[in-house]
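2 protein chains.
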Amino acid sequence: MTSGAVPPTNPHAVVSTTGPVLIVGTGLLGTSLALALTAAGVEVQLEDTSPTSLALARDMGAGRVRGASSPEPRLVVVATPPDVAADVVLRSLDAHPGAVVTDVASVKDRVRAEVLAHAGEHARRYVGSHPMAGRERSGAAAADSDLFVGRPWVIVAEGAGPDAELAVRNLAVDVGATPIRMGATEHDAAVAAVSHLPQLMSSLLAARLETLPESALALAGQGLRDTTRIAASDPRLWAAILVGNAGPVCELLRQVRGDLDTLIRGVEQVALDPDGEQYAAHGGVETIAPGAVGAVVDVMGRGNAGRARIPGKHGGAPSRYAEVQVLVPDAAGSLGRLFSDVGEAGVNIEDFSMEHSAGQSVGVAVLSVVPSASQALEEALDARGWRVVVVG
Amino acid sequence: MTSGAVPPTNPHAVVSTTGPVLIVGTGLLGTSLALALTAAGVEVQLEDTSPTSLALARDMGAGRVRGASSPEPRLVVVATPPDVAADVVLRSLDAHPGAVVTDVASVKDRVRAEVLAHAGEHARRYVGSHPMAGRERSGAAAADSDLFVGRPWVIVAEGAGPDAELAVRNLAVDVGATPIRMGATEHDAAVAAVSHLPQLMSSLLAARLETLPESALALAGQGLRDTTRIAASDPRLWAAILVGNAGPVCELLRQVRGDLDTLIRGVEQVALDPDGEQYAAHGGVETIAPGAVGAVVDVMGRGNAGRARIPGKHGGAPSRYAEVQVLVPDAAGSLGRLFSDVGEAGVNIEDFSMEHSAGQSVGVAVLSVVPSASQALEEALDARGWRVVVVG
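If you read the sequences in order, they're chains P and G. The first sequence lines up with residues -9 to 382 when you count with my numbering. The second sequence lines up with residues -9 to 382 when you count with my numbering.
FYI, nobody ran anything at the bench for these hints, they're computed from the structure. Among the clues, some could well be false.
To be verified - Sample of chain P residues with no beta-carbon within 10 Å of chain G, all distances over it, derived:
hint	residue
1	Val55
2	Arg56
3	Gly57
4	Asp84
5	Ala130
6	Asp249
7	Arg292
Claimed, not checked - Chain P side only, calculated, beta carbon under 7 Å to chain G, not exhaustive:
hint	residue
8	Val5
9	Ala197
10	Gly213
11	Pro280
12	Val283
13	Gly302
These figures come from a predicted structure and were not determined experimentally. Positions of the beta carbon are idealized from the N, C-alpha and C atoms, including for glycine.
Hey, can you work out the whole structure from these sequences and the hints?
Pasting the structure below:
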C-alpha cells in the first residue's frame, strides 16, 4: 500500500547533477535532499545506521537502499549529525575513490580540519556544504523536497579541486538553493550569530516559562510566541552543533552576558527602591532613574540597529528608505489622487503600503522614498492639501 | 480632503459603554481605543500634550478634541506612557469627579500604589487596566480599531467600587477584548515573563547583529527573523515600562544570567581545546564533551518544556495529544481508506494534519489522539498494512 511507489520526475527541472548520488543519513536534511533529487530524476542511494529511518526514507520515495551490488556513486552527501560528520566523510572518501564527497553539517571548521588532517590527497574530493534550511521538526517524516528552495547553501571549497566544487555547486542549484562561497572560519562565525545564538536565546527565554502559573501564560501574545518558536528544537541535535562551534558561540554568549550584566546593574537600582519614591516624581522616568533608563535605551537602541540590518525576506537589501505617511480618506478615487499628486511632485516611490482596517474611514498610506527626497515630498503633498503625518 | 469625515457607526455592535469617553493620550493604544469606540457609536473626546498627535488622531476619525465647553465624560481612559500614568490618573480623578478612571499602563503595581496613596476616597473610581495588545510601530498613525479583538484585557480592581469595575469590564468587551481579573502584583509578575523579558532577550540578541559582516547577515533565516522581530520596538517607551516593573524584571534577568553562566562554563571547556582532539574521538559528542553537552541539553530541554506550555493561538490548551504518523500514498482514496481503518480501530482522532509537498508521491498523515490510545492505534493501523512512522 505504501512501498514501491514510483516517484514522478519533474518535467520542468533541468539538472546538472549526474547520479548516482549516495545520501548517508536519512534525517530531515538528507531525506529532503533525496526527495528533491529523486523528483528531478536523479538516481539516489540511501544509507543510515538506523534501519527504521532508512526504511522510512525509502518508503517515502526518497531513493533505494544502497546494497552490495549498487553502482558506485558519483557524489556522496554526508547528512549525519555534525559530531560524526568528519568520520563519515573520511570513510566515504576511502570507500568511494571516484566520488566527490560533501557534508551538510552546520559547523565547517572542525569538520574540515579533521578531514584535511587525515585524508591526504583525497581531500581534493571533499567540499564542505551547509544548506541554510530547516524546521523545528526533525527526522525523515518531516522531510520536504522544497526545503532548500530559495535558501542559501554555503560552499566551503578551500583545499578542494575545481571539479569537486562545481559538482557541489550544481547540487545546490539543482535543488533550488542559492550557492554562497565562504571560508570555513567565516562561515562558523556567521552561523554562530544568525543561527546558533538565536537558538540559545530562545531556549533561555522559554526555560523561564517552565514554572510560570497558567494565569500568566494566558496573557501570552505574538511577541512571546515568535521569540520562543525555535525553543521547540531538538536538544541533542543542537548540543552537537553548538559544541562543534564552541569558540564563536562562547564569544557571543560572553558578549550577551556583558550586556545583560549592564542591564541588571541599571534596573536593580530601581528594584531596590520599592517605595517608589523615585518613581513618583513628576519628571517622567528619564529624570527619576537615568541610569536604568540609559541602560535599557542603550541595549534596545543597538537592538533596533541590529534588527534593521537583516535583509528583506527575499534577499533584498534592508530598507534604506525614508517613510512618508499620509492620511487617505476611505473614498473612491483617493488613492488615485494621491499617486497623481505624488507624480506631479516628481518623487519616485520605491515602496508602498496601506494601513487600513475595517470600520475606519481614514487609512494611512506609507510611501517609501530615498531619504533625500522625503522632505520635498512631504512639502509637495502638504501644499496639495494632504494631511502628512509628522512622526516623532 | 482628510478632516471632518464622519466615521460610520457599526450597525452590528451592541455596546454597554455610555459616553462621553475621554481618552487622554493619543498614541497607539489610546487612538486604537478611540477608533474602536467611535466606530461603535460612542462619543469620544481626545486629549494629548502633543498638539500634533492630537490633531492626527482627530483627523483619523478617532473623536473630538476636548474643549472648555465639552460635556463631562463618564469614563476617562489614561493612555499615556506608564511613568506619567499615575500622575494623570490622579489629575483626572480630581478634574472629573463623576467619572470612572482607568489607565492602560503595562505595569500595574506602582501605578496603583501611587494612586491609592494620594487619591483618598476617590480611589474607588479608579480601576487599573492592561489591554494585552500592541505592535512594534507606535503612535496614532499605526492605530487600528481592531487592535483589541480577541486579546486579553487585564482588569486590576483592588480598591475599586463595583460600578467602576463593571464600567471598565464593559469597555473591554465592547472593543472585542476578553476581560481577565488579576491582582496588581500577580499581573506584574506575569507580564515580566510573557512580555518584558521577551522584549529584552530579543534586543540583546539583535544587538549582536549591529557589527556583523553583511556576508553573515545574508545567511539569516526565519529563526533569526522571528527571535528579533520585536527588537524593532521603541526604546524610550520600553524603558519606562521596564523601569516601572524593575523588581520582577530584574529577578527574571538574574535567573537568565544563571542559566547563561552555566552554558558558558559548559561550552568554554570545549572552546579552550582548539585542536579538537576531544572532538575527533569516535564516540560522538556525548562521550567527548559531556559537560558541554549536558549544559546545552539541560537548558534546551527546559526550553522545550516552557515552550510547550504556551496556549494555542486561539486560547485553547496547549496540545496534550500524542501524534501517530502514517505514510499515505498520493493516490485517490488513500485518505478515505485511512480514516475508515482508523474508525474500525475505534480510536477518536482529536486533530489531523498532512505533511505533503508537491512532487512527492507519499505524504505523512499526523493523527493526534489522547496519549493512552496512541499505541493501540499504531498497532491497529500496522495490522491493516499501513506504514506507521516510529519516532525517535
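Results for each hint:
1. Val55: For Val55 of chain P, whose nearest Cβ neighbour in chain G is about 15 Å away, the distance exceeds 10 Å, so it holds.
2. Arg56: holds, 20 Å
3. Gly57: holds, 21 Å
4. Asp84: Given a closest Cβ separation of 15 Å, the condition holds.
5. Ala130: At roughly 8 Å from the nearest Cβ of chain G, Ala130 of chain P sits no farther out than 10 Å, so the non-interface label is violated.
6. Asp249: violated, 5 Å
7. Arg292: violated, 4 Å
8. Val5: The hint is violated - Val5 of chain P has no Cβ within 7 Å of chain G, the shortest such distance being about 13 Å.
9. Ala197: Status holds, d = 4 Å.
10. Gly213: holds, 5 Å
11. Pro280: violated, 10 Å
12. Val283: holds, 4 Å
13. Gly302: With a minimum Cβ separation of about 10 Å from chain G (threshold 7 Å), the hint on Gly302 of chain P is violated.
Violated hints, listed in ascending order, are 5, 6, 7, 8, 11, 13; each of the other numbered hints is respected by the structure.
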